[in-house]
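Add chains W and X to chain P, keeping to what the hints say.
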Amino acid sequence: MSGRLGDLAASALLLALAGATCVGSWRLGLGDVHNPGPGFMPLAAAALLGLMALGQLVRLAAHPRGAATGAFAQSRWGALAIVLGSIAAFGALIDTLGFAPSTFLMLSVLFGAIARKRWWVTLAAALAIALVASVAFRALGLQLPPGPLGL
Amino acid sequence: MNRFLLASLALLMLAAPLAADEAFPTRPITVWVGFPAGGGTDILTRALAESAEKALGQKIVVVNKPGASGTVATTELTRAKPDGYTLVSNTDTPITRSPHLRDLDYDPFRDLTPIMLYGRYKVTWAVREDSPYKTWKDVVEWAKKNPGQLTFGHPGVASTPNLVLTKIAAKEGFTFRNVPFAGDAPAITALLGGHVLMIGGSSSSYAGYVQAKRMRILLVNEREGLDYAPQALTIEKAGYGIESATVLVITAPKDLPRPIAAKLEKAFIDATRKEPFVGVARKSETIIPEPLTGAALGDYLRKLAASYEVLIKEAGLYKSEKK
Amino acid sequence: MDTFHAIALGLGVALQPLNLFFCFVGVFVGTLIGVLPGIGPVGTMSLLLPITFHLSPVGAIIMLAGIYYGAQYGGSTTSILVNIPGEASSIVTCLDGYQMARNGRAGPALGMAALGSFIGGSVAIVGLMLLAVPLAEAALSFGPPEYFALMCVSLVVLTFLSRGSMGKSLMMGVLGLLLSFVGLDMFTSVPRFTFGVNELSDGIGLIPLVMGLFGVAEILLNLEGEMKREIYATRLGEILPTARDWVAARWSIVRGTVIGFFLGILPGGGAVLASFVSYAVERRLSRHPERFGTGVIEGVAGPETANNAAAQSSFIPLLALGIPPNVVRAVLFGGLLIHGIQPGPLVMQQRPDLFWGVVMSMFVGNAMLLALNLPLVGMWVRLLRVPYDVLFPLILLFCAIGVYSVNNSRTDVYLMVLFGLVGYLMQKLGYEPAPLALAYVLGPILETALRQSLALSGGSLSIFVTRPISAASMLLVVVLLIVQLFSRRSSPKETT
Numbered sequence: 015m016s017g018r019l020g021d022l023a024a025s026a027l028l029l030a031l032a033g034a035t036c037v038g039s040w041r042l043g044l045g046d047v048h049n050p051g052p053g054f055m056p057l058a059a060a061a062l063l064g065l066m067a068l069g070q071l072v073r074l075a076a077h078p079r080g081a082a083t084g085a086f087a088q089s090r091w092g093a094l095a096i097v098l099g100s101i102a103a104f105g106a107l108i109d110t111l112g113f114a115p116s117t118f119l120m121l122s123v124l125f126g127a128i129a130r131k132r133w134w135v136t137l138a139a140a141l142a143i144a145l146v147a148s149v150a151f152r153a154l155g156l157q158l159p160p161g162p163l164g165l
Numbered sequence: 267m268n269r270f271l272l273a274s275l276a277l278l279m280l281a282a283p284l285a286a287d288e289a290f291p292t293r294p295i296t297v298w299v300g301f302p303a304g305g306g307t308d309i310l311t312r313a314l315a316e317s318a319e320k321a322l323g324q325k326i327v328v329v330n331k332p333g334a335s336g337t338v339a340t341t342e343l344t345r346a347k348p349d350g351y352t353l354v355s356n357t358d359t360p361i362t363r364s365p366h367l368r369d370l371d372y373d374p375f376r377d378l379t380p381i382m383l384y385g386r387y388k389v390t391w392a393v394r395e396d397s398p399y400k401t402w403k404d405v406v407e408w409a410k411k412n413p414g415q416l417t418f419g420h421p422g423v424a425s426t427p428n429l430v431l432t433k434i435a436a437k438e439g440f441t442f443r444n445v446p447f448a449g450d451a452p453a454i455t456a457l458l459g460g461h462v463l464m465i466g467g468s469s470s471s472y473a474g475y476v477q478a479k480r481m482r483i484l485l486v487n488e489r490e491g492l493d494y495a496p497q498a499l500t501i502e503k504a505g506y507g508i509e510s511a512t513v514l515v516i517t518a519p520k521d522l523p524r525p526i527a528a529k530l531e532k533a534f535i536d537a538t539r540k541e542p543f544v545g546v547a548r549k550s551e552t553i554i555p556e557p558l559t560g561a562a563l564g565d566y567l568r569k570l571a572a573s574y575e576v577l578i579k580e581a582g583l584y585k586s587e588k589k
Numbered sequence: 033m034d035t036f037h038a039i040a041l042g043l044g045v046a047l048q049p050l051n052l053f054f055c056f057v058g059v060f061v062g063t064l065i066g067v068l069p070g071i072g073p074v075g076t077m078s079l080l081l082p083i084t085f086h087l088s089p090v091g092a093i094i095m096l097a098g099i100y101y102g103a104q105y106g107g108s109t110t111s112i113l114v115n116i117p118g119e120a121s122s123i124v125t126c127l128d129g130y131q132m133a134r135n136g137r138a139g140p141a142l143g144m145a146a147l148g149s150f151i152g153g154s155v156a157i158v159g160l161m162l163l164a165v166p167l168a169e170a171a172l173s174f175g176p177p178e179y180f181a182l183m184c185v186s187l188v189v190l191t192f193l194s195r196g197s198m199g200k201s202l203m204m205g206v207l208g209l210l211l212s213f214v215g216l217d218m219f220t221s222v223p224r225f226t227f228g229v230n231e232l233s234d235g236i237g238l239i240p241l242v243m244g245l246f247g248v249a250e251i252l253l254n255l256e257g258e259m260k261r262e263i264y265a266t267r268l269g270e271i272l273p274t275a276r277d278w279v280a281a282r283w284s285i286v287r288g289t290v291i292g293f294f295l296g297i298l299p300g301g302g303a304v305l306a307s308f309v310s311y312a313v314e315r316r317l318s319r320h321p322e323r324f325g326t327g328v329i330e331g332v333a334g335p336e337t338a339n340n341a342a343a344q345s346s347f348i349p350l351l352a353l354g355i356p357p358n359v360v361r362a363v364l365f366g367g368l369l370i371h372g373i374q375p376g377p378l379v380m381q382q383r384p385d386l387f388w389g390v391v392m393s394m395f396v397g398n399a400m401l402l403a404l405n406l407p408l409v410g411m412w413v414r415l416l417r418v419p420y421d422v423l424f425p426l427i428l429l430f431c432a433i434g435v436y437s438v439n440n441s442r443t444d445v446y447l448m449v450l451f452g453l454v455g456y457l458m459q460k461l462g463y464e465p466a467p468l469a470l471a472y473v474l475g476p477i478l479e480t481a482l483r484q485s486l487a488l489s490g491g492s493l494s495i496f497v498t499r500p501i502s503a504a505s506m507l508l509v510v511v512l513l514i515v516q517l518f519s520r521r522s523s524p525k526e527t528t
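Chains as they are written, first to last, in this note's numbering: chain P, 15 to 165; chain W, 267 to 589; chain X, 33 to 528.
Among these hints, one or two may not hold up.
As the list claims (entries may be wrong) - Counterexamples of contact, computed for chain P against chain X with all Cβ distances above 10 Å: (1) A30; (2) G33; (3) L44; (4) G112; (5) R132; (6) W133; (7) A138.
As the list claims (entries may be wrong) - Computed footprint of chain W on chain X, listed as stretches where at least three residues anywhere in the stretch have a Cβ under 8 Å from a Cβ of chain W: (8) 174 to 185; (9) 484 to 498.
Hints are computed from structural coordinates only; laboratory data are not their basis. Positions of the beta carbon are idealized from the N, C-alpha and C atoms, including for glycine.
Okay, chain P solo, but in the shape it has when bound (with noise of 0.2 Å):
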C-alpha cells in the first residue's frame, strides 16, 4: 500500500541517517563497555538501526512486491508547504512582531490559501482570533511577547 518505490527511499535513507550517526558518535568518544563515553549508546542505537534498515533494503530488493508507487499519488505540496511554512513565519514573527499580530498573519494565510474563505471573511476572522486568543491565553497565565502594539 506504500508503494516500493517509496520504501527503499525510506530504508536508504535510515540507512544513511545511521552512518552519518555512527560516524559522529565515535567522534564523539566511546569509552568501552565498562566506562561508555558520549558516544557509546548513540553508535549502538545507530548501528542497530543502520542493521535494520540494510535488513530491510535486502528484503525489498530480494522480493519486490507490490505497486512501485502509490503512496504521495494525494499529496497537495503546495498546500503542505503554505501550512508549514505560515507555522514556521508565526515562530519567526513573533517576537519581533508580537502574539497577536503573528498570529493575525498565520491565521489569515491558512483560511485564506488553504480553507479558501472568502478574504474579507479571512482577515475578519483571524483579527478576532488573534485579539480573543491574545486577551485569553494571557489570563491563563503564559507569557505571550507583546510586540511593538503592545498585543
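Frame of chain P, contents of chains W and X only:
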C-alpha cells in the same frame, strides 16, 4: 537659523536617552530564569522580583528559560536590547564554569553587564544516618583504605560538590567513584536507597532529611557552618583552603547605560532586605551576602571563574582536554 | 494516628470552604491548561507560586496539586479529539482514542477516559493512604541498575504496541532513542549532535516532537481530501459510554489501576510507563488484538486509568519522603518550602493536617474533575462538528502557542514544523510515530541509568545480575522477547 535648529535637534537627540533613563522603568521588566520552575533558583528569583517591584514601580515578570545550566538563557540575553527591561537570574555557572567546559556563543565578561549578587548556596556533603561514618574523618580514613570504593552522588560533574571533593581527594590521597545525577533530588533518593555511600549538594535540599534523622551532614563549605547541623565540619576548619562558592546573580546585556544599571542595582539591593525574599532565603538556608554590584561584582566573578578553571582542569573536565 | 482519625482530620481540612475554593480553582485551571496542547501545568503552577506566598500552605498545596492532576484529565481530551497528546502519558491514548473520535465515538472515548481516570485515581489515593510509607521505602530500593533493567523491559514492551509492520516500529523505536541523545551529555557536558544550535543543548524537547509528529502531521494528512468533508463521523445519541463499552472495558480499568498505582511510585517516568504497559497488556490479553488501533474502548480505558492512578501514586514519594519525582512535583516542593514546611519524612508527623488535608482534597479534586469533565464531553463532541477547514487553523494555532510557550523559544516552533513534515512522510510510508515518541521518553533514562550503574560498580557489568530486582527484570526481558518472537511466528506474515 538652520544651524540653530540643527543644534537644538542634536541636543534633543542627546537628551532623549537621558530622559528615558530618568523615567526608567516605564513598563514591566522581564527576568529570565535559567533553571526550571520550582527549583531553588526559580523560587528565590520570584521572591526577589516580588520584593523589588515596589522599588521599581513596575511589575517584574519572571519567565523560565531553562536549559544547560542556565547557558541557554544567558545566550539569549546577549541578543537582547540593553535597555534594562530584559535581565537574567542565574547561578554563577554560566559565567564561571560553563566557559571552561565547552565552547559557548558568548563571552561571559564581554557580553554581559553584571548587576547584582543576591544569594549564596551552602554546599554540603552528607551520608545516610545509619552509615558507619560519623564524621568527615571517618569517610576520609575509609576511603584511603578502600581506594575507589567510595561511591559519591552529585548533581553534575561541574557542580561545586564534585569539583571540591575531587580537589579534597587529591589533597588527602584517596580516590572515589563519582556518580552524576540530574539534580539534588535523584541523588538524595539514591542515598536513601543505599545505592551510593555519600552525596553532595545544596544544604537547602538536605535540611528536611537531617531533621527527620535520615541523613547526616559531614562537611559544609561555608565558614559559618549550618544552623541545623552544627556538628558538621567546615572546609575552613578542616584546613583544606579551598575557596568555592555557588552564587546567584542578576545580569543584563552588555553596554547597559550606567544610570539604568544603577537604578536596578539599588532596587535589588533594597529587595534583598525585604519580604518575601528574606523569609524565603532564610527558609531555604540561602545566604544573603553583602551587596555586590556592577564592576565590583564583575571582578568577583572573574576571580571565581579563575578558581573554577583550576578546579575543572584538575578534575580533567576542561574542554580542550576532551577528545 | 490511626487511619480513621486521619481521614476525619483530612476531611475536616479539605472540606473547609476556602480550601474547597482553592481546589476548584486548581482543577479548573488545570483542566484548561491540560486541554491546550503543549501548555503544561508547570508554567501555570510557577506563575501562581507567588500568589501562594500569601495563602495558607494547605490551601496553596491543594491548589497547586489540583492544577497538576486537572491537567492530566485535560491532556487526554486533546489526544482523543485531535490526536495531540497533552502530555507524554497521553501518547498512547491517541492510538485508539483518536480513532474512536474519527469513528464518531468521541463521546464514549472522552467519557470513559474521565471515568476511568476517576476510578484509577480514587483507588490510588486509597492505596496511598494505606501504603504510603512502606511503598515509598520499597521504591527507594530502585537504584540505577534497576532502572536500566526496567527500561530494557519497557523497550521490549514497546514492541507489543505496533499495529503494522513490527520491523518498521522497531526502527522507529531506535530512531526515537537516537533523537533522545541530542543535547548535552549529562556526564561530560559534551554537546552531542547539536550542530552548534544553542537551543538544542537541552535536547529536542518532547513537546515539539510530539506535537509535530502527531498533531501537525495529522492535519497535513487530512489536507489531502476534500477539506469540507467530515473528518469525524457523527453518531448521534452516544455522548457517554454505553453498557457494552463498560462490559468490554471493566477489566481494563481494574488492570490499569493496579499497573498505574505500582509504576507511578517509581520516581521518574511512572505515568508514561504505566500508560503503555497497560495498553500492551490489554492488547495481549484481548480476544481480538488486531482490532487495537482501530478504535477499541479497552485501548482508552486501560491507559487512561493507569496514567491517572500513576499520577496520584506519584505523590507518595513526595509526601512520604519529601522527594519530588519530577519537575511538577518540584514546583510543589518549592511551594512547601516557601511556607517553611520542609518536605520530608516528617511532614506526616509534624503537619498531619497538611498531609491528610492534601490527600483528602485529592478525592475532592477528582470528584470535581469528573463533575467538570463529563458535561464538557457534550460540548467537545459538538465542537468536532465544526467544518474541518475552519477547525484545522485553530488546532494549528493552539499547537503553535503551546509549543512556543514551553520555553518561549521560536526554535521549538521550527522543530515542531520539522517533525510535522517528518511525521507526515512517516505515516505515508507506513512508519508509526508512537514507538518513536515513547522510545524518546525512555532513551535518556536508559542511558543515564546505564552509565550511573557502571560508575557505581566501577565498570563491572555484573552489577545488573547480582542485584535481585535488576536480575529479575533482565530475565523478564528475555521471556518477553521469546513471547514476542513466538507470537509473530504464529500470526500471518504481514507486509513489510
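We went through each hint and held it up to the structure:
1. A30: The claim stands: A30(P) keeps its Cβ more than 10 Å from every Cβ of chain X (closest is about 13 Å).
2. G33: holds, 12 Å
3. L44: holds, 12 Å
4. G112: holds, 12 Å
5. R132: Fine: 13 Å to the nearest Cβ keeps R132(P) off the interface.
6. W133: W133(P) clear of chain X: closest Cβ-Cβ about 15 Å, beyond 10 Å.
7. A138: holds, 13 Å
8. 174 to 185: Held - the segment 174 to 185 of chain X has 3 residues with a Cβ nearer than 8 Å to chain W, which meets the minimum of three.
9. 484 to 498: Our answer is that it holds, as 4 residues pass the Cβ test (under 8 Å) against chain W, meeting three.
Hint compliance for this structure: no hint is broken.
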